[in-house]
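Trainee: Protein chains in written order, with our numbering: chain W, 1 to 464; chain B, 465 to 540.
Derived by calculation from the structure, the hints in this document are not laboratory data. Please note that the accuracy of each hint is not assured.
Unchecked claim - Using 30 Å as the maximum straight-line C-alpha spacing, the simulated DSBU-like pairs for lysine-lysine come out as follows:
id, chain 1, residue 1, chain 2, residue 2
1, W, Lys77, B, Lys528
2, W, Lys3, B, Lys499
3, B, Lys466, B, Lys528
4, B, Lys524, W, Lys77
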Amino acid sequence: MRKEIKKALLLVLVFLICFWLPVGFRRFDGAVLEALHLIRWYAREHVLLCLIPAFFIAGAIGVFVRQDAVMRHLGAKAPKAIAYGVAAVSGTVLAVCSCTVLPLFAGIYRMGAGLGPACAFLYSGPAINVLAIVLTARVLGLELGIARAVGAVLFSVVIGLGMHAIFKHEQDDRGPVAALPVTPEGRHLWQDAALLVAMVGVLIFANWARSGDVRAAFLCCPGGLNTFEVEGRIVSQSEESITVETPTGRRQDIPSGQLQSVGAREPGAVYNRVHQARWGIVLGLLILLGVMIARWSSRDERREWVSTSWGFAGQILPLLLLGVAAAGFLLGRPGHGGMIPARYIEMLVGGSPDALLATSGLAGTLLESFLRSTWMFWTNFAASLLGAFMYFATLTEVPALQALLGAGMGKGPALALLLAGPALSLPNMLVIRSVIGTKKTVVFTVLVVTMATLTGMVYGALMG
Amino acid sequence: MKIQVLGTGCPKCSKLAENAATAAAEAGLDVELVKVSELNDILAFGVMMTPALAVDGEVKVVGKVPSVADIKAMLV
Chain W
1 MRKEIKKALL LVLVFLICFW LPVGFRRFDG AVLEALHLIR WYAREHVLLC LIPAFFIAGA
61 IGVFVRQDAV MRHLGAKAPK AIAYGVAAVS GTVLAVCSCT VLPLFAGIYR MGAGLGPACA
121 FLYSGPAINV LAIVLTARVL GLELGIARAV GAVLFSVVIG LGMHAIFKHE QDDRGPVAAL
181 PVTPEGRHLW QDAALLVAMV GVLIFANWAR SGDVRAAFLC CPGGLNTFEV EGRIVSQSEE
241 SITVETPTGR RQDIPSGQLQ SVGAREPGAV YNRVHQARWG IVLGLLILLG VMIARWSSRD
301 ERREWVSTSW GFAGQILPLL LLGVAAAGFL LGRPGHGGMI PARYIEMLVG GSPDALLATS
361 GLAGTLLESF LRSTWMFWTN FAASLLGAFM YFATLTEVPA LQALLGAGMG KGPALALLLA
421 GPALSLPNML VIRSVIGTKK TVVFTVLVVT MATLTGMVYG ALMG
Chain B
465 MKIQVLGTGC PKCSKLAENA ATAAAEAGLD VELVKVSELN DILAFGVMMT PALAVDGEVK
525 VVGKVPSVAD IKAMLV
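Generate the whole structure from the sequences, applying the supplied hints.
Mentor: Right under this line is the structure:
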């Protein structure tokens, strides 16, 4: 009976939503179109050459790399200095999917190297897994991709050491000794490494874009009057706008009204030669890869590899599709509007406080100079805090960030959100709390938000 | 006989539970299949890489999904 009542309530709710569906309002219609545009853009630009190879690489890491060899350095008897280093970078190998991060974190804390390395792993793991790095670099640009990986690794050690220093005198509540996975000795380490290098090579060369031959300067972003520059090649040109594609594959639509200048630029010769030869290189690598796999791996391993890769695809693609649709609907593509006006994003986490000052009428008051001098801090802090509590399903932080950057978010806050986002979320804090207790969870959260804010501020100051 | 599947609910864990059930049915064994999904309970087994499989409390496989044939070999 209760089931039927629930069903009836649900039906009523759906009916009410349909009844008042705001079809026909320009903003809503535009937002739906934006979502569809963004979905098509991802499908065309990112699935075949980027995500699919990345799924195979992630699968290969799960199957071919001997994880016990890595785990040994995170065990209870491992030297501390090595444990921190390994914890900071091992996310690439161990945390292929974000659902394995928490058990590993708990394991390292209880049965392995202890609180410090466990926290380092928890912070960097979700940020440096192969899929996250590849998609971040591809969609948001190479420099943000690299900044994310480097920032995550460096600051994970700082956070780990911080946690260790603060809770040095706590009683140890170690559990039983860990049961490490035992994989039979088959290949040498260099053979595993060669397999991975070849696969990553395929990914890099298949995505090799031509270097830019033009440099365009334009005024950007809603409300702002800053001059931005992009380097790349012109992919389309019309009366209303031109589109420039950067070497990292990002496309920038520039409306003619905002365009200031377009000039020629010396193309990089080596870069372009690699671009011309890229399919030859990819083919060669694929053949090499085929030979290595045929000679060095067993039938079972190959079958497991395909099924693991397939598992990742089935698990991540639907979530990513939803994430892209939501990002497109709420914020739209760069330069276009979604449901949330870009102005609000600009007011909260924009590159400068101009939007906020103009809207709030605070311009010219005492508060203006205060806001201007502390703006970097506020925006990065807001982005970190938002990231720490919000839940991002695997990889969906990327389309979310893309939409936010398009709506005028500064680069510093973007990095802050990328760093604090996947490492923490409200649901995941509850699980962490059940493992290390309330006090340590609070301290960890504070450290993560502080570190993400600082990194964002430094990056924002460097990159403008 | 008691089979415990350790995992926090990721797709791999359900796959392992499915394989274990099939293996037990094929071997004609009467087993009790338990899913252990609480993180602290999983840790009590000394396991940190999920999914994992334990038979009568003894951990047999850690960090991967064994095939039906492999599980059958562990049960008999």
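Trainee: Against each hint, give a clear statement of whether it holds in the structure.
Mentor: Tested hints:
1. Only pairs whose Cα atoms come within 30 Å are accepted, and W/Lys77 paired with B/Lys528 is accepted, the gap being roughly 25 Å.
2. Of the pairs offered as hints, the one joining W/Lys3 and B/Lys499 holds, with about 26 Å between alpha carbons and a cut-off of 30 Å not exceeded.
3. With a C-alpha separation of about 20 Å, the suggested pair B/Lys466 and B/Lys528 falls inside the 30 Å cut-off, and the hint holds.
4. Only pairs whose Cα atoms come within 30 Å are accepted, and B/Lys524 paired with W/Lys77 is accepted, the gap being roughly 23 Å.
Comparing the model with each numbered hint stated earlier shows that all of them hold.
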